[in-house]
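Enquirer: Here is what each chain is made of, one letter per residue.
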Amino acid sequence: MGSIRIFCTLLILLSTRLLLAQATFPENGVADPRSGYYALLHATLVKEAGTILTDATLVIKDGRIVAVGTGLPAPAGAVPLDCKGKFIYPSFIDLYADYGIPSAAAATRGGGGFDFLRPSQLESTQKGPYGWNQALRSDVQAHTQFAADDAKAKALRELGFGAVLSHVRDGIARGTGVAVTLANEKENLIIIKEKASAHYSFNKGSSQQSYPSSMMGSIALLRQTFLDAQWYKTQPAEEGLNLTLKSWNENQSLPQIFEAGDKWNVLRADRIGDEFGVQYIIKAGQTEYQRIADMKATKASFILPLNFPAAQDVEDPAEARFVALNDMKHWELAPTGPAAFEKAGIPFCLTTADLSNVSAFTRNLQKAREYGLSDAAALEALTRTPARMLGIDDKVGSLEVGKLANFLVTNGPLFNEKTLLLQNWIQGIKYTIKEDAAAANGSYQLIVNTASGKETYQLEMKSTSSATVYAKDTLLSKFSFDGKQVKISFAPAPVRQRPAMSDSTRRSGGPGGPARFMGAMEQPLPASATRLSGISNGTEWNGVGTDSLGNPLTWTATLVKLSTAPAMDSAKKKEMPSLGNVIYPFVAFGWDQGNQPKLETILIRNATVWTNESEGVLKETDVLLKGGKIAAVGKNLADPTARVIDGTGKHVTPGIIDEHSHIAAASINEGGQSVTSEVRIADNLNPDDINIYRQLSGGVTTSHILHGSANTIGGQTQLIKLRWGAGDEELKFMGWPGQIKFALGENVKRSSSPLGNNRYPDTRMGVEQILVDAFTRAKDYQRAWATYETDRKAFETAKNKKGLTAPLAPRRDLELDALVEILEKKRFITCHSYVQSEINSAMEVANRMGYTVNTFTHILEGYKVADKMKEHGSFASTFSDWWAYKMEVEDAIPYNAAIMQKVGLTVAINSDDAEMARRLNQEAAKIVKYGGVTEEQALKMVTLNPAIMLHVDDKVGSLRVGKDADVVLWSDHPLSIYAKSLYTIVDGTVYFDRVHDEQLQQQIEVERLRLVRKMNGEKRAGAPTIPAQPSYQLMHTCHDHGHSHGLLVIDNDETIQK
Amino acid sequence: MQKIFLTITLVFSLAAIRAQETVLPAKEQKGSYYLTNATIHVGNGQVISKGTIKVTNGKIEAVGNNISIPIEAAVTDLQGQDLYPGLILPNSSLGLVEISAVRATQDVREIGELNPSVRSIVAYNSDSKVINTLRSNGILLANVVPQGNFVAGSSSVVQLDAWNWEDAAYSTDAGMHVYMPSLLPRPSMGGRGGGFGGFGGGPAAGDPVKEGLEKIEGLKTFFREARVYHQIASPAKTNLKFEAVRALLEKKQRLYVHANTVRQILVALDFVKEFDVDMVIVGGSESYQVADLLRQHRVSVILQQPHSLPTATDDDVDQPYKTAAQLQKAGVLFAISDDDSQTRGRNLAFNAGTAAAYGLGKEEALAAITLNAARIMGVADKTGSIEVGKDANLVVSNGDLLDMRSSNVTAAYIQGRKIDLTDKHKLLNDRFEQKYELKGKKGF
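Protein chains in written order, with numbering that gives the first Met the number 0: chain F, 0 to 1057; chain A, 0 to 443.
It should be emphasised that the hints constitute simulated quantities derived from the structure, not laboratory data.
From a predicted model like this one, the values you see are computed outputs, not experimental measurements.
Don't be surprised by glycine CBs; every beta carbon is placed ideally from N, CA and C.
Keep in mind that the hints are not guaranteed to be accurate.
What the hints assert, rightly or not - Quick partial rundown of chain F residues pointing at chain A, CB under 7 angstroms, derived from the structure: (1) P525; (2) Q921; (3) L1046.
Whole structure, please, built from the sequences with the hints as guidance.
Expert: What follows is the structure in structure tokens.
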């Protein structure tokens, strides 16, 4: 028993023997110092991408390269290794591994956003002198947690990696990363650089603290932290010691790596960096190729995961029905990603990150090559680029004297599909990956010593899994050879007809391989087969076995002649598959590149024109749009350059403006706190939202994207124009003074939370106090800055500075900045509101604090207090006929808009709903029905009036010469249910054209069919598929009421309830 | 004379200062009266211009152009207004939910998956404030439907002018409601990707198709056992759930299957095949893809909400608006409903109007909220069209009822009774018009 244990211990010691010596560590036994002095001779050596040495020598010692060159002899003392026919490359580097790092505690839920249905965690649970937010973990240092893990290292070594950058993948600020090699040695010796990088993301990870609960909240938190960290450098007494901010500052000198995750997040990350003079290295997702020009414009370097979507099983039309075109297109185009980066000249490296199994890396790299990635770029992306990004190119990334002896030995050009990675040397230690067993291919003489004497056979080894054995005739045989162990079995071939192929003898090639059929050699052997097992001793194999009768035997096989290896064709690549186009935006109804709508001169002739100006409604009138503006409205207009549209029997109106919308954004509600004026919808627009197009079809040209109603002072809103296909910045309405969302009532006191509420306020009394408190703080802040500015000027102009100290700037507070903007009338409020008490209180606080509530939105009891609203100077933006979906809309009436209008308020009708937004003209019509306003007044409620309350009525809202050419041509009276938009024009560009829409539908059908067939083809060819994944869409709402969004939409609220 | 009568009615209903509590159900109609000079939209596609109808003891006694009117008769000259059959809201939680966010006001969804014995009619609140707002837009009957996780119980058709649910009941327990399992995989939320705005977690655990199909098999087993139970004269142990499906399996009750996807609908056809029930698909957003099969199996459809977004991003932007016309073309019997939880059903006519804008004839669109709805609910013998012998359920509008631009309901009759069109909203409007002295103001 005891001896067995000792034996086992010895085995472990032997197998994990550390090859690198460390001076301070005592030796348990007899020292075994070695310098690992080797000379690899006669190899084809690639020092770095593009520099190839033939008949090269590589000399390594003590884990480093000591010589490299053509035809150098092996120095005395070095063990010579003949590498004739072999290739040597630098080992790969992965900058986005989590090797050796304990995996972060998974967030109990993620992906959703603010949770209306649960109490909040308002404070950080992290103990110690850290910052206020648990998602900021800049104090984390990966090297203090790093523990080598050979099982994981081995998996990476097998792919060719020699060094990786690891960090703790948890939180928005994630602290520092550590660069290590993948040698199986003590941590002390394999760390290349202890603080090699600093890491960030938008994902708060394991933090359960409520803030931030949105994309824009994450961005705001980063922005504020940049400012706080600057301020912290002044050692403000009121902050004490803050290790989070301290580390944040210390980490700034390192390469800054941001995990973005998709194309829009890349731009978001890059912008926040630009704001503070940081150029992030960006860890991408899968979709960046869809906006490659924007990626280039970031000037960032990228870390690209080689993670491509699997083909879906779409053979069942009932299942294919729910797989969206964009998902199928993405499946087809994702492997073009690395090639797109190469073509665009964007620096990038490749990572195994995001792969559920890293072994898919090699296969996906092959796929990327097939889709256009060059070998030189691939090698560069795996070696020199990552080394340079991290500033460790003095140690790794190429094969030069003085660098770590991290290199690969292959039996052919590196990326050739048939090439075997034989060895991965790391810090001068050889890790054998694969034996080049096929190098033993050839003819052998096989002699079997049986009791009855010698039997002689010929054996022709064709590959590691196939050999033919002959005596007089060819025998049935099975063979395997792994470079060391040999297994051979054979039996006389039966003298009968081969049975017809049946399903059971067919076997699939397994994942990735085409189906194969068993040939004669692979027919099952009879039980009486002769079975041999042995060991290769080089050119001779020796072993034992049993004959057909079960008698033991010995055998020897001797090499007669090696086969000449077929020349490897490194240049030969699979042909580039034919692919569909990238479309803008990347969703159905997107435009093909080069086919985007363009600015035109357009003359609409002989229509009924609703001017919204003093001219009123003009019959048989022309409208000329030129240079993106309204050029003329009148009779008999002409312009020879114009595209003429016949408007006979049709109506022209200004484009519809939706004062309250939640489309086209990655997140809507930051409810982590009751005051979040620092968050900005502008930070997280989503131009891929299909609802942009759908709303264009209903004549909408401008939408006000509001923060939700989760909290009293919500976020800054963003006005957009529905420029379908544009990027996120180009969606923005230029020259618009900002607005901000406020909210009152049930949502902000979280009445819908079944588990109760612990976030102040819980009553309308508290809502008022939040407003009073926020603006009191804002005014103090405003004053503190004014005082500072005065003192600063005094200091700067003082002639004698002796005895004077420069005044310290107050802490910049983005939350209060936004409120000061309100006080300074640079930012305007749109306030979610329902019942009269809260409306009056909001106005009373505003009067007391010196600001105006610009717009009351929803305002369903506005009719009760319209006179007070008029006195205060508010606008009103409401629904036509919604009511009774919650307690505070018990008294909502469809006459609301008309009463407010008659009292003298400027009234808008909004949607707050992606479906209703495309029928806003009809919603306006209801105000004629309920309350009897005129038709012109009603139309203004969805055009000019929202423009007024958004302070853009100098640009849009009516057909006045010089205003933006945002125009709709309707098939019928614009307030009629029978009216359809024929053309929706934004800035003189036709973004929706009903005839073109029909063509697009046909194109979508054709493209869908092509992709379904292609996926089915892959499945039939044996490629792995996953079950069809219905393409659900996440729809953001302000959590106020239900919607009719269809069965593939998951409302953001709903995700949280689940 | 008639003109004055009309004007007085209008002024009275708007100016009366009282709460909805004093809006009384009208008394039973006795004797005869005539409505003349109307554009009569019969409900079956026919339009009679300058028509007259005669109502006697709550029923339509005559319709047409050549109806002789005795000199002393009670006559209302409609002055060319449009006369429609009372609209029917075919799928509604009216009277079961007062305010959807307030749990105490919800009586629509019972606990459990197998509730065939649950009856919506007994919880119907005929004093719901929502009811009168529907009447103001011409909706005079509604199918009051229980909701649930699977077998939710039976619905009843009510008329919207009643003192209590017994008075309101128009056709009791006429439909059994099954909510189909979704049969569509849901994504799991989360994943580490961007953190917000994505699913990222891959497919959710479990196979919803398999689970759903098992559930449906369970229901079929239940029906089979119920059938055997029904043949026993006096079973030792009474099973109320079996009892509750007796009418259904004897074809005296219809099976309403709430389903949207093709797969859900195809699976539901099993009920028709094996149990020979009269089936109605409720929802039916994807029904246009199997319209031929629906007609072939005589399955009708209630399109729950044409004012909806398309199912898939790739779909025709206007697909939900066009579905009705596609069903019409295929010869499927269908009705249109308005299930909108914000507007509480009052936009029923406009959902039909939208279908008319996208390929359905206007009279066909009207039929989808009158006669065809009545047929689907099994009350076409009593209502749904302006035809002799039917209840005088009538709506007068001074303009096209299907278009919000022109819809203006000036009078309505249920079983011949002229009902009071005052509602909470009109009263609140009146209250504040008085506060601001807005009477007659057209705005600025």
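Enquirer: Please go over all the hints and tell whether each is borne out by the structure.
Expert: A quick look at each hint next to the structure:
no.	hint	verdict
1	P525	violated, 43 angstroms
2	Q921	holds, 6 angstroms
3	L1046	holds, 5 angstroms
Checked against the numbered hints given earlier, the structure breaks only hint 1 and satisfies all the rest.
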